[in-house]
Amino acid sequence: MGDLQIYGRKPFTNSGLSDIIILSKYVLKRGKTLANDKIRNFCIIAHIDHGKSTLADRILEKTETVAIRDMEDQLLDNMDIERERGITIKARAVRLKYTAQDGEDYIFNLIDTPGHVDFNYEVSRSLAACEGAILVVDASQGIEAQTLANTYLAIEHDLEVVPVVNKIDLPSADPDRVCNEVENVIGIPAMDAPRISAKMGTNIEAVLEKIVTDIPAPQGDPKMPLKALIFDSYYDSYKGVIIYVRVKEGRVKVGDNIRLMATGAVFNVVEAGFMDASNLVNNGSLEAGEVGYIAASIKSIGDTQVGDTVTNDDCPCDEPLPGYRKVNPMVFSGIYPADGAKYGDLRDALEKLQLNDASLSFEPETSIALGFGFRCGFLGLLHMEIIQERLEREYNLDLITTAPSVIYKVTMTNGEVQYIDNPTNYPDPALIQTAEEPMVKASILSPSDYVGNIMELCQDRRGVFKDMKYLDDTRVELHYELPLNEIVYDFFDVLKSRTKGYASFDYEMMGYVPSKLVKLDILLNGDVVDALSFIIHTDKAYARARKIAEKLKDNIPRQLFEVPIQAAIGGKIIARETVKAVRKDVLAKCYGGDITRKKKLLEKQKEGKKRMRQLGTVEVPQEAFMSVLKLDS
Amino acid sequence: MRDLGIYIHVPFCGKKCGYCDFYSVKWTKQAAEDYTVAVLRNLRHYSEADRKVDTVYLGGGTPSLLTSMQIESILSEIRRSFLLDQQAEITMEANPCTISAEKLSELRNAGVNRLSIGVQSMIDSELKMLGRVHSAERAVQAVLDAERAGFENISCDLMIALPEQKPESLQYSVEKLTKLPIKHISAYILKTEEGTPFDCDEIKRKLPDEDGTAELYFEMVQLLEKHGFMQYEVSNFAKEGYTSRHNCRYWKCEDYLGIGPAAHSCYNGKRFAVDRDITGFIRSGIQQITVTDENPCGFEEYAMLRLRLKEGLYLDDFPEHRNDIEKKLPPLVNAGYVQTDGESVWLTPKGFLMSNSVISYLVFD
Chain A
1 MGDLQIYGRK
11 PFTNSGLSDI
21 IILSKYVLKR
31 GKTLANDKIR
41 NFCIIAHIDH
51 GKSTLADRIL
61 EKTETVAIRD
71 MEDQLLDNMD
81 IERERGITIK
91 ARAVRLKYTA
101 QDGEDYIFNL
111 IDTPGHVDFN
121 YEVSRSLAAC
131 EGAILVVDAS
141 QGIEAQTLAN
151 TYLAIEHDLE
161 VVPVVNKIDL
171 PSADPDRVCN
181 EVENVIGIPA
191 MDAPRISAKM
201 GTNIEAVLEK
211 IVTDIPAPQG
221 DPKMPLKALI
231 FDSYYDSYKG
241 VIIYVRVKEG
251 RVKVGDNIRL
261 MATGAVFNVV
271 EAGFMDASNL
281 VNNGSLEAGE
291 VGYIAASIKS
301 IGDTQVGDTV
311 TNDDCPCDEP
321 LPGYRKVNPM
331 VFSGIYPADG
341 AKYGDLRDAL
351 EKLQLNDASL
361 SFEPETSIAL
371 GFGFRCGFLG
381 LLHMEIIQER
391 LEREYNLDLI
401 TTAPSVIYKV
411 TMTNGEVQYI
421 DNPTNYPDPA
431 LIQTAEEPMV
441 KASILSPSDY
451 VGNIMELCQD
461 RRGVFKDMKY
471 LDDTRVELHY
481 ELPLNEIVYD
491 FFDVLKSRTK
501 GYASFDYEMM
511 GYVPSKLVKL
521 DILLNGDVVD
531 ALSFIIHTDK
541 AYARARKIAE
551 KLKDNIPRQL
561 FEVPIQAAIG
571 GKIIARETVK
581 AVRKDVLAKC
591 YGGDITRKKK
601 LLEKQKEGKK
611 RMRQLGTVEV
621 PQEAFMSVLK
631 LDS
Chain B
1 MRDLGIYIHV
11 PFCGKKCGYC
21 DFYSVKWTKQ
31 AAEDYTVAVL
41 RNLRHYSEAD
51 RKVDTVYLGG
61 GTPSLLTSMQ
71 IESILSEIRR
81 SFLLDQQAEI
91 TMEANPCTIS
101 AEKLSELRNA
111 GVNRLSIGVQ
121 SMIDSELKML
131 GRVHSAERAV
141 QAVLDAERAG
151 FENISCDLMI
161 ALPEQKPESL
171 QYSVEKLTKL
181 PIKHISAYIL
191 KTEEGTPFDC
201 DEIKRKLPDE
211 DGTAELYFEM
221 VQLLEKHGFM
231 QYEVSNFAKE
241 GYTSRHNCRY
251 WKCEDYLGIG
261 PAAHSCYNGK
271 RFAVDRDITG
281 FIRSGIQQIT
291 VTDENPCGFE
301 EYAMLRLRLK
311 EGLYLDDFPE
321 HRNDIEKKLP
331 PLVNAGYVQT
341 DGESVWLTPK
351 GFLMSNSVIS
361 YLVFD
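These protein sequences, in sequence, are chains A and B.
Counting along the first sequence from 1, when you hit position 182 you're at 182 in our numbering, and nothing is skipped either side.
Counting along the second sequence from 1, when you hit position 118 you're at 118 in our numbering, and nothing is skipped either side.
What the hints contain is simulated information worked out from the structure, not anything from laboratory work.
Honestly, I wouldn't trust all of these hints.
[Claimed, not checked] Straight-line distance between alpha carbons at most 25 Å, and here's what the computed SDA-like set of lysine to any residue pairs gives:
| id | chain 1 | residue 1 | chain 2 | residue 2 |
| --- | --- | --- | --- | --- |
| 1 | B | K252 | A | T617 |
| 2 | A | K589 | B | I203 |
| 3 | B | K310 | A | L601 |
| 4 | A | K609 | B | T292 |
| 5 | B | K327 | A | E562 |
| 6 | A | K589 | B | C297 |
| 7 | B | K350 | A | E562 |
| 8 | B | K166 | B | N109 |
| 9 | B | K270 | B | P296 |
| 10 | A | K600 | B | K204 |
| 11 | A | K589 | B | Y242 |
| 12 | A | K609 | B | C297 |
| 13 | A | K589 | B | E219 |
| 14 | A | K589 | B | S169 |
| 15 | B | K328 | A | M612 |
| 16 | A | K610 | B | N323 |
| 17 | B | K327 | A | E607 |
| 18 | B | K327 | A | T617 |
| 19 | A | K604 | B | K204 |
| 20 | A | K599 | B | E194 |
[What the hints assert, rightly or not] Label pairs and their calculated CB-CB ranges:
| id | chain 1 | residue 1 | chain 2 | residue 2 | range |
| --- | --- | --- | --- | --- | --- |
| 21 | B | K270 | A | Y343 | 34 to 42 Å |
| 22 | B | K179 | A | R576 | 45 to 53 Å |
| 23 | B | G195 | A | G501 | 45 to 53 Å |
| 24 | B | K26 | A | K600 | 24 to 32 Å |
| 25 | B | F364 | A | P427 | 33 to 41 Å |
| 26 | B | P197 | A | Q614 | 36 to 44 Å |
| 27 | B | K226 | A | G570 | 48 to 56 Å |
| 28 | B | G269 | A | Y238 | 53 to 61 Å |
[Stated by the list, open to error] Calculated from the model, a selection of chain A residues having no Cβ within reach of chain B, i.e. all distances over 12 Å:
| id | residue |
| --- | --- |
| 29 | E481 |
| 30 | F492 |
| 31 | K589 |
Cβ atoms here follow ideal geometry from the backbone N, Cα and C, with glycine treated the same way.
Here chain B stands alone, though its shape is the one from the complex (with noise of 0.2 Å):
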């Protein structure tokens, strides 16, 4: 049987950014104990006890709103229901503002072994300006406190192409963050999100252009792969060995089970949504799903979620396309989107940019 990844989708949120549209409600202590049992119930009832789990990944939202206590009855659960693996990779994301150095160390002996923190700049203004309310000095200390509770495993998100962003100021950021001791970087482009605060002509306006995103995007993937962190996804960079196992399920197509309102999965044969409702998930017994895809990782989607991957897709995955991809190569690799080695196709940093074009080039008539 194939190995098995969990995200846990935790839908809560001291205070909503005005950039995000991801589902999430504001937290109550009574609101978070009750999901917490829900997450549980529906941990029993999808409950495989010889299938390995070799990732887990609490996502939000905000996880870090949940106790130590929470938490760790979530992870023991699994251990209950399903066999997970020693060398698991358990990962929480965090905000700088909700871990103290002792919840830290609780998480850390709960079983949590990989943080995400969601630094997004070492600028404190280009924070406020994205509604964070961590400092870049509270964001730093957040870090070293999580090194000194026993995380060897740290990634921090950056976002890039901020209203007014400039060149020099995205390389602060980066320098600055790669000074601390992490081994990983997600790396987003700011995107407006319809019906987000963000999708307002004052915000708008601000943005950088086309050519001021690539420019920025370009100068980004340079300086972090620089101080070693290795671009190996569209927005991920590791240092040598700490790539996320548990995102990179997603774009092999691998197995994953969402459990949380809006929790998305890739579950034995078929693709299914949490609805998006922390009322029914709490009241219903099992999570209400709706399926979206009962025939998942044909080739379309295969091609789709591999070429996000610096490894790119391996030809001989789908024989049947190899001459159509390879007819079309020649022009993708001129224009410097795309290389090749005759066994793989990957996508360039230019190439990752326009992957909705070059990815339909290569997989459409």
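Chain A extracted, bound-state conformation (with noise of 0.2 Å):
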């Protein structure tokens, strides 16, 4: 079964895949060289729930690449997790094959890209390994940021792009409506879009066709040394990292020393390939033009970084590919085993992860309050989401997490320069020159009718106004300038719930401004709880304390001992709430020496206080760790 292990897990696992038959009419013999001008290699872009996945299974299912029977909704997201989402994590790449209306048989190379603001550079990543970029628009909701962002990213790559309007089917459909959006907002010719729905399997043959027209086939020598992209890559307990890549000139076979050029590590080619709907098949070959993945009994993911370019050892290329940049993370939170003896579990569950995912990053630390756990980095919030969502149900693992913290930079007053990803870490307010936060650029489209309540979130969350602009009648863009620890809590679920789930959302980064920050304390009993602690801008301190101080009292039960809750800054206390004592336990008689009820009540209290975190003489829930990290709900 290893060649069907994608990213760590089987895939379709609810179809038994041994089951599936793959119909392909045409199946490509091994070796052999395929014409460049048959070629063609896209993406589909869309936001969130416009059908991207869907139109991807229908192409799969109109090219026989998958047997009907066999179609399980949405075969490229593997993972619960996407499916349950409908979000992709993952690129991923299926070779098929098509018979034009011209009569010629195509190649097409579909590479799923995932479609979060998260995975940005990934998209970028998988946008650059194509020639076009099929743009899904939902008929009924029309562009929304998410689209805007990577259409305006594959324009940037050069990338043709070919709309397409989905859910044609849909009573709100109004695709003439969305066309005059494609073209006045984004500024392409769609009139001509084909108008589909993917769900009920409408017109997707315009689409094909499209694909062949419109997309151009890629260019490149094949007798010029390798240069191939990284686009993706994952871990494969029998053949070790298996990386999917674009070959731009040049040749790669089985056989080859192949150099990556970021890392300068050197493997030997075992495997060169594509992969159709289900499993990688082994070519022997790539070359220019192809899309397709290389097994070469590399052993560590941290070797393959996604942007690197793949090159001959013996023959190398002058110079990479542009684009690569190293991935940083973002966001950071501490992961804890809500069990300590678990902590090697997750220790081994983290590095799992990270086979297939080399954003993730985790170092150990200890908290006084929870005991031994990770630092983790994420891209963004989602990527953290996600991570912590596959811990707990693949690796069956119950944790404990802290609030997400951004990286601050900080300059002492000795000149000395700090990066805080840790608000434990932060230095004491008499030693710092000067603190400073990440900003990001945000962008906003919604329904005109929800500008106020956009506006005033923005606002609260000290985002700063930069324009406005209304796509038609109806819809805005917004910009906002957004200080990035603003929107890691809850941002993005307050910004749903306010415009009824209309508005999107999607954001860049642009660097580090000055701030008025403060390190928020929370303590119980008089001690500092670490996992707690969070940094903040002075102004939002003490609704911020006054509100986690009431949600902790919510969440911590009474108990032996009263429980004061303080929130401060420095030794100022500027919120408090108290937990009263229990005054009555539950009694048991011992009549007539039966003593195996008090017994039984002594074993539950002891379980109880084992789902306790034992600060002191302060019992601690972890969903009192937990309530604080949704403030709003």
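Two chains, two separate frames, one set of hints: put the complex together.
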């Protein structure tokens, strides 16, 4: 089953993979080389829920890459989380064969890209592997912030953008309006865009034909030195790291020594080929214009950075492909096992996840309150949530996570500059000359009815209004500069609830600005609980402190001792609540010498105690730690 | 050899009270006779002729449903099979309605020297609500009859935190009760046991809340002590020299042998319970038991039981835990749950109400 291990999990777990019959009438023969002009490399850009995965499935089905009876909704989204959330987390590439109306056979390489802003860099690398992008727009919703961001990204990469209007079967569909919007907002012709329903399978052929006619064939000379772009990688427990590449120049074949230019690591190619809907097909070689995979007994995913260039070690190219950068985590959070004994399990799980996700970083940290755990770095909030969810679901771990933090830049009075990703390490204010926080450029698309709500929210989150423009009569695009730490908590949730789910949101990093930051400590029974400390803007400290104190009061059960809850900046208490002591336990008689009930009660007490964090005399349930993460709910 | 206490569980009731979940079945003459025979058989089975028995306790159920003859035969068998001490404390529980003056004399003559009477309350409406068949007046009469029959050591049960109970009504019951010629009071907080008729919203919403219950309990402790009934256990109060020797066995990890369905034992190094099955008990030669603890009276159990007693636990009884306990004491002492003199540690009334939490704090990591 080694071949089928994608992202460390067996794909299509529900369908019984061995039963999947690939009905493709046309199976590529090993070693056969293809004329470049019959290849189309493309991706699909869409906002969440606009039907990207459904369209991908239809394309797979229409090209008969997968038997219809084995179709499971959204084949490309392998992970449970992806399916449930309707998002794509990892890029994926599938080779399809299509016989066009001109009678010619074409090879399609469909590269499915993650749609979320957290994975912006991965998206840009996936786009760089393509010549064209299908832009899927919902016929009733129109363009959303994410679509726009990714479309601009595609245009930046000189991709041919092929608009497609989806969901025309919906009663609220208004394809003409949406086509207008595409022309007005993005500035690409859209009047002849295929109008389809991926769900119903309507007019999919038009999309396939558009791919053939509108998207250019790849350029590139197979005789040049090898130059291939890594756009994704994952770990297979049998073959080692599998890298997904787009060969730009030259050729790579089994037995070649390849060099990954950013890391300098050299490997011997064991397999080179492509992916059909469910299998890696070892084709023996890949050449300019092709998209495929390379297996080269690579042990560590750290060696295979997305965006890096693969070349031939014996005959290297002059310079790597442009655009490579090392991806740095933006958001940090402490992750602790609820049961301290599971520390080793947590480390193993993180290591395994990291095999497939080089952008996940972690290092051990210790908290007085939570014991041993890890400081983990994520690309963004979604990335963080996904990792936490996977740890809990796939590795069966019960976790306590601390509030997400961004990286603050602190210049000390002695001139030294520190980057702080853990509030616990925030220096004494007396030693700080200036503190800076990361800002983002945020773009929000919404029906104009909600502009007031959005402005109020952004104002409340210390946003600086930049501009606003009407996309049409009913929809606006707003631009704000927002501190990253104001959006890492719950910004997106609140935005959704204040716009009845209609607003979409996207952001990009814009650098550091000086800010009035303070460290807010939470004290239980007079002792600082390190895991609850965080850094916040002075103006927000009081309100936040009160809210946290209230939340904790609601989430810490009454117990043997009274629990004073305080919030403090430096030595100054700015909020206070008290959890009163319990006055009476459940009593048990020991009538007639029957002590079993009393013993049971004590056992229960013991069990209850195990689920608590003992901080001095205070017992804190893990829900209390979690409750402060979601203050508005 | 260690002294022994014998507990006889008499599982018969005329009428089951709504709050009670102890094992009992409907009394019939035949069942009572068969049961008595089975008790005698079992006493012979456990016979240890040279083992000193210094407490006997007939509990239930309603032991006063047995005839004086049946009680006498049981006590005689104990004398035959064990070494029943001259000064032994021999207690029988009684329902105010099932003890006539005449029967009380017979019981006294048979050797019963301590009575525990299920008075529960001195207010008729409360008694009715509890489903008790007796009135307050009848309870007073029973106590006076018992005194006249020669019972010098009488205990009464009292129940507190009853539905809609106020400090005033509790005060009334306590004042009435303490004027009677009794030496001992067991006062229990009403607890709605799962599956009993009291386990319903109609009752539960009338029960005092946590704070109300705590207030009633403290009020009661104070009142009883004012009248000379000193607290010596969570729920037990006695005039000087009249603590229940038998019940103290439970809390001091001393041996007791239980006979009868649902009776519990801590006997010769094991804890065991007899099956809750009167028919099985009558039919089988020896009572069927389930061992609940192969190795009883370890530190946790010792602490749990000892801390029910006002005298508390002795730090030197488990020297290996001394340091740990002493380290944990200060916050408990500060909060008023616990007191210590450096040799022993004991709970205050406030601590008794929180005993699960206090004990768990003291003995678990």
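*Numbers of the earlier hints that this structure fails to satisfy, in rising order*: Structure breaks hints 1, 8 and 31.
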